[in-house]
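Chemist: Position chains V, Z and C against the provided structure of chain P, taking the given hints into account.
4 protein chains.
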Amino acid sequence: MKVVILINCPDQKGIISSVTGFIHANNGNIIYLDQHVDKSADVFFMRLESDFDGDGFNLELLKKNFQKELAVNYKMEWSIHTDSSKPKMALFVSKYNHCLYDLLSRFNSGELSVEIPFILSNHPDLKYVADQFNIPYFHVPFSKENREEGEAEQLSLLKKYKVDFIVLARYMQIVSSTLINEYPNKIINIHHSFLPAFAGAKPYHAAFKRGVKIIGATSHYVTEELDAGPIIEQDVTTVSHTHTISDFISKGRDLEKIVLSRAVKLHVLRKTMVYNNKTIIFS
Amino acid sequence: MKVVILINCPDQKGIISSVTGFIHANNGNIIYLDQHVDKSADVFFMRLESDFDGDGFNLELLKKNFQKELAVNYKMEWSIHTDSSKPKMALFVSKYNHCLYDLLSRFNSGELSVEIPFILSNHPDLKYVADQFNIPYFHVPFSKENREEGEAEQLSLLKKYKVDFIVLARYMQIVSSTLINEYPNKIINIHHSFLPAFAGAKPYHAAFKRGVKIIGATSHYVTEELDAGPIIEQDVTTVSHTHTISDFISKGRDLEKIVLSRAVKLHVLRKTMVYNNKTIIFS
Amino acid sequence: MKVVILINCPDQKGIISSVTGFIHANNGNIIYLDQHVDKSADVFFMRLESDFDGDGFNLELLKKNFQKELAVNYKMEWSIHTDSSKPKMALFVSKYNHCLYDLLSRFNSGELSVEIPFILSNHPDLKYVADQFNIPYFHVPFSKENREEGEAEQLSLLKKYKVDFIVLARYMQIVSSTLINEYPNKIINIHHSFLPAFAGAKPYHAAFKRGVKIIGATSHYVTEELDAGPIIEQDVTTVSHTHTISDFISKGRDLEKIVLSRAVKLHVLRKTMVYNNKTIIFS
Amino acid sequence: MKVVILINCPDQKGIISSVTGFIHANNGNIIYLDQHVDKSADVFFMRLESDFDGDGFNLELLKKNFQKELAVNYKMEWSIHTDSSKPKMALFVSKYNHCLYDLLSRFNSGELSVEIPFILSNHPDLKYVADQFNIPYFHVPFSKENREEGEAEQLSLLKKYKVDFIVLARYMQIVSSTLINEYPNKIINIHHSFLPAFAGAKPYHAAFKRGVKIIGATSHYVTEELDAGPIIEQDVTTVSHTHTISDFISKGRDLEKIVLSRAVKLHVLRKTMVYNNKTIIFS
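Residue numbers (numbering that gives the first Met the number 0), protein chains in the order written: chain P, 0 to 282; chain V, 0 to 282; chain Z, 0 to 282; chain C, 0 to 282.
The shape of chain P in the complex, shown without the other chains:
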């Protein structure tokens, strides 16, 4: 059985030695270790992948011992994950289909190891895509008046389907604080600019007006401050004076879908940790 352990704690001597000794003593074989020290904050981060013999493997006992023998002593925040179940990913969309198609085709070919309980949208437009892939589609419209009902319906669906994390695949609607607090560092957004440049609405128009020679896309965890959450992944492509705003939008679509998919994969593989509004991305 493959076991992933994520740790962060105040930095001090001997952590790696203690943790690797613990795995060894529990008959695990470390197949990957990546660690990072944030020197300004004096915090230690580690991601470990280990193989444990399936026979007689007791996850609860491992967790209990980890807590007792390591976590208390080193003041660790930690989590242990196995590959025995797939995380449940909800997709929120509006009217653009490119990110949705990209994620669903990866899901279909087995590249994304998740379950997709439903697709939710504030518009009815993309139901046909959900139908193509046989995934339930919930249309939860939003207006100034029904804001609270809409949020309540979102939360109710997320709970009913036991959703683990949410991907905003070009969902053009502000996500409520309630939702953000229910899913801290578990809502992944794609913003169609090279953040922090051009945060907010209409970034391609702003980029065109400024006359930049490169445009980008940024995937980040959603926090209460708009477009200011921890960045997971960014990529860019060149533009020139020959490109119109609609060329920017068209070139940008290819960035958006690739950048969002990479971020989702990193999250699913538990290769991301968040600290001080920044991410550590393990290799």
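Simulated from the structure, these hints should not be mistaken for laboratory data.
Since this is a predicted model, take the numbers as computed values, not measurements.
A few of these clues could be false.
The list treats identical chains as interchangeable, and a pair is accepted whether it falls inside one copy or across any two copies.
Straight-line Cα separation of at most 20 Å, EDC-like style, residue types lysine to aspartate or glutamate; simulated pairs [what the hints assert, rightly or not]:
hint, residue 1, residue 2
1, 94, 110
2, 62, 226
3, 12, 33
4, 126, 114
5, 208, 41
6, 1, 37
7, 270, 33
8, 38, 48
9, 250, 234
10, 1, 181
Modeler: Chains V, Z and C alone, transformed into the frame defined by chain P:
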């Protein structure tokens, strides 16, 4: 003789046909033509390279006829350039030597077709580089008190040496409005961020704090608004949580020197035009 | 009406002037002109986009006059295209679905201005994708014995549906000379390496073995020599020692689909010309 | 004192635990650990950076204990390095100055922590650069007749100056087997193509002829097979039909110098290991 013509004028039917007909009628051979229409502003831009037989070629007559036969009719702003003389480029530096070395080594190998009458600095530190390359070095210090004398000395040197354009090769001092107005779209700066992100001081520190995954450098013409002039060239490189601020600075240096040199080359080859605070970069 | 003209001919003085004069005389308005001279071969290439008033526009007359007034004199090869009909694109696939999904989702959102009369495959596996998008799917199996029948069936389908060009979207079967000769510079392939490195089978395995730090994908027109046709588009991504062959394959998929789609768009917009086994890609 | 340990050995359970335990037991503090397992070869690689208290630190004792307590048991190949001395780097050049200037300006600004005992060339042309930087320049000409004397002189200089590694900064002369065997994985070359494409002479000409849309540069350790040694670093830039061979060469120069400098820095920081003709590049 190689002749470059740059034109901009209100867009209308027949401009290309008229201009190419003019060249043809004057026994020129068009070896390159690039044109662009800014549709929102309805402005036409063109860059033409032509070969004219050197014998009997009369530049002044060509200009006179161009004005009479084309420019008046089409309300053109235009300029005509030949390769018979090299532009004079002044280099302004402070303490970092990487952009300076990069430009001087290109100059030395003939890659940059310019003259360099002098290097000017607000610090004495880089005189040794100027000495290595046998170029005059003027130390013009700046303080709150001597601001006006400093600017006057700069202007006097620029006039005395008939400087055509100025390159700020990591010159860490605000350039005065007087200088900017004397050299409109003729002062090239390198800013060590992917503008408009992280304008102003200490962009690498700001990028580090924001946790971006890509850093950049931007070369632009200097205007009165800080770091907001027309962008000539940008490039980027990836970073990760493993990089410290000093890694950002070190990786950024390679971007800065390459991006600045590309911008300088574009300017020297007269491949840049400025309109509405944006550049057209001809291919 | 938008009219695109593609020209190539021996280089000589006055071509641009004559062609733009012709357009002007026929009441067309040039909205874009890009030209290139291959100096070693002394050949001139041009792509023109013009607007003609729809009322009274006579395409056949324009072609006749173009031939008479320009083409004969300058020994031009040329073609004239309008946007009044969409080209018919056949998709050939095998078992991988990523390029297919990518092209179909672009088709669906209107990004690709083509008709797709059918998808053809040497395997039955991807019929479900064709069904999702309501496009006919023809399974034409290939074996050593049925080679000729297979080719005949391909050709018969292509003719029956009046296919204009073919996209090999990871079609893992050698295309016959007959087909290549029927569709010269009209069959677009995606090869999963940075050609000319790693031509032939299993390029990711070869790249892994060589220990490269960057992998690529190449889209090209198919010629009789395997993986040696004119290159339309290439792109790359970084890899490291931490990546396995299956990581190469996974990262490569994102390159393949983006690079292939870009090439298809360039072809559809008639921005490609082929000469001496190389492409001119107009901007 | 900063201590870097490099290890490779057959993979087995418990290595990380044993090594980190050893460091801990010797009062070292691990500040960085990166490990890699080549699963096809079943080989384990590790790079460790540790801090040891300078007082009472005994490097020889540490090495002796490492050998006795770890290396014998795990069949390790290993090396231990401290930052108490700088490696000696010889530069071999021919006629191009861009890589040379780039390395020397980095050396000058403290970015490259090495000593440069001399520059050696088969031509006299670049002596002026050596003079600018006050570094000895040895002109060792090569012809068919004097091949052996030339090689002997090279070796004699390398020994006399106790050179640790050699950088071929566009040295256009085949390096002898004797030299390669004296400096295994210690001669760094820059090849001006995206290897394995266009190995051998005149790669830019070959790339131009093939009509590629991207060109590259590759830095690698020199082995007896030409341009086939372990790749350290690669980078690329886009080209188009508008670029001539001399444009390829000019754009390529910027790649060459950046790629070579990155490789040299990785080598100096002992972040490279070679196995099966491939490199592991630690982060």
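Chemist: Determine for every hint whether it applies to the structure shown.
Modeler: Okay, the hints, checked on the actual structure:
Taking CA atoms no more than 20 Å apart as the test, residue 94 paired with residue 110 passes between copies only; the shortest distance there is 15 Å, against 24 Å inside one copy. Neither within a single protomer nor between protomers do residue 62 and residue 226 lie at most 20 Å apart by alpha-carbon distance, with minima of 36 Å and 51 Å respectively. With identical chains, the CA atoms of residue 12 and residue 33 are at most 20 Å apart both within one copy (16 Å) and between copies (17 Å). For the homomeric pair residue 126 and residue 114, the shortest alpha-carbon distance inside one copy (18 Å) is at most 20 Å, but the shortest distance between copies (23 Å) is not.
Only between protomers do residue 208 and residue 41 lie at most 20 Å apart by alpha-carbon distance; the minimum there is 15 Å, versus 42 Å within a single protomer. In the homo-oligomer, the alpha carbons of residue 1 and residue 37 lie at most 20 Å apart only across protomers (18 Å), although the nearest pairing inside one protomer, at 27 Å, exceeds that limit. Proximity of residue 270 to residue 33 under the C-alpha cut-off of 20 Å is found in both arrangements, the shortest distances being 10 Å within a copy and 16 Å between copies. For the identical chains of this complex, residue 38 and residue 48 are inter-copy neighbours only, at 15 Å across copies versus 24 Å inside a copy, given an alpha-carbon limit of 20 Å.
In the homo-oligomer, the alpha carbons of residue 250 and residue 234 lie at most 20 Å apart both inside one protomer (12 Å) and across protomers (14 Å), since each shortest distance falls under that limit. With identical chains, the CA atoms of residue 1 and residue 181 are never at most 20 Å apart, being 28 Å at best within one copy and 45 Å at best between copies.
Hint check: violations occur at hints 2, 10; the rest are consistent with the structure.
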